[in-house]
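Dock chain B against the given chain A, drawing on the hints supplied.
Here the protein sequences line up with chains A and B, keeping their order. For the first sequence, the working numbering begins at 1 and goes up steadily by one. For the second sequence, the working numbering begins at 1 and goes up steadily by one.
Everything labelled a hint here was simulated from the structure, so no lab data went into it. You may find that some hints are simply not true.
Put simply, identical chains are the same to the list, so a pair is met inside one copy or across any two.
[Unchecked claim] Within a straight-line C-alpha distance of at most 30 Å, the following computed DSS-like cross-link-like pairs (lysine-lysine) qualify: (1) 40 to 148; (2) 26 to 40; (3) 100 to 26; (4) 116 to 106; (5) 148 to 116; (6) 40 to 116; (7) 116 to 100; (8) 100 to 24.
Given the structure is predicted, the values throughout are model-derived calculations rather than measurements.
These are the residues of each chain, in order.
Number of protein chains: 2
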Amino acid sequence: ARPRVGYFYTGKTGSELLSDQLKKLKVREHHSVPVVVNDKVSVYDAITTMFLEDVGTLFVVNESSLLVGVLSRKDLLRASMGNQDLSDIPVHIIMTRVPKIKICHKEDLLLDAANKLIENQIDALPVVIDREDGQEVVGRLTKTNVTKAFVDLVRDENV
Amino acid sequence: ARPRVGYFYTGKTGSELLSDQLKKLKVREHHSVPVVVNDKVSVYDAITTMFLEDVGTLFVVNESSLLVGVLSRKDLLRASMGNQDLSDIPVHIIMTRVPKIKICHKEDLLLDAANKLIENQIDALPVVIDREDGQEVVGRLTKTNVTKAFVDLVRDENV
Chain A
1 ARPRVGYFYT GKTGSELLSD QLKKLKVREH HSVPVVVNDK VSVYDAITTM FLEDVGTLFV
61 VNESSLLVGV LSRKDLLRAS MGNQDLSDIP VHIIMTRVPK IKICHKEDLL LDAANKLIEN
121 QIDALPVVID REDGQEVVGR LTKTNVTKAF VDLVRDENV
Chain B
1 ARPRVGYFYT GKTGSELLSD QLKKLKVREH HSVPVVVNDK VSVYDAITTM FLEDVGTLFV
61 VNESSLLVGV LSRKDLLRAS MGNQDLSDIP VHIIMTRVPK IKICHKEDLL LDAANKLIEN
121 QIDALPVVID REDGQEVVGR LTKTNVTKAF VDLVRDENV
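Next up, chain A with everything else stripped away, as it sits in the complex (with noise of 0.2 Å):
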């Protein structure tokens, strides 16, 4: 018989190289555009972003731009349950402030990200460049991203 060559051992196993592709992956190229809200708008004004926007997570700005604040449609949604005139309530009095929030940069892997997500039971990272004065918005992460990095994953591969 012929000696079968071109194919060498690599000491790798199919679940090693698993592993490969999904650590390759960066937030970098799956994240989405962030929606921001200036600190100062209403609670009604809020929800009509979300809405408009279509997303289910707003990143809350102040006048120089840098991260102050997360709304989920759950705080929105508590807000609006109870008896007072959302033109009257400010986003800051609601939304969750920096330092609780949980953030990403472009560079993080996306598996890292993902881990985040979970383990705070949230829908979504602001991704942010560090700047000296505080955190610039440049993207969003959602569970959306994960799920679609997911399913394009092995539809790429069957192309």
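Chain B only, in chain A's frame:
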């Protein structure tokens, strides 16, 4: 040199192995418990249930426990912005109805279910069992389930 024995070229590449692993995942092992409300309850009660159960989607069932509708956080948020009394509006007025609802089964591939979530831009699928008179809701498959499966896939192999 001694012959290298025990390693055989299977014709598979790394990405085929990845696909094999991902394609094994079924809805069965990854879905959550469903949270259901009766189609007679008010929007106010549905919002309360959504908070108490801490879910993003409620399934609406009739007196025979068959699926008749779906309520998303967005549906409830939209309803709560109106000037009506939420205790007066039954959920069947605002819910998405069968047959417009996307569903999945326990034996479906997780990837196919994930694809339905992405393509239809929805947060959750009811996992159903087909009965003669309709569909019984036995689970809830969300982007959180898919994100968690994705994270676990890598974590498990690093143990």
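Practice prompt. Please write out, lowest number first, the hints stated earlier that are contradicted by the structure.
Written response: 1 and 2
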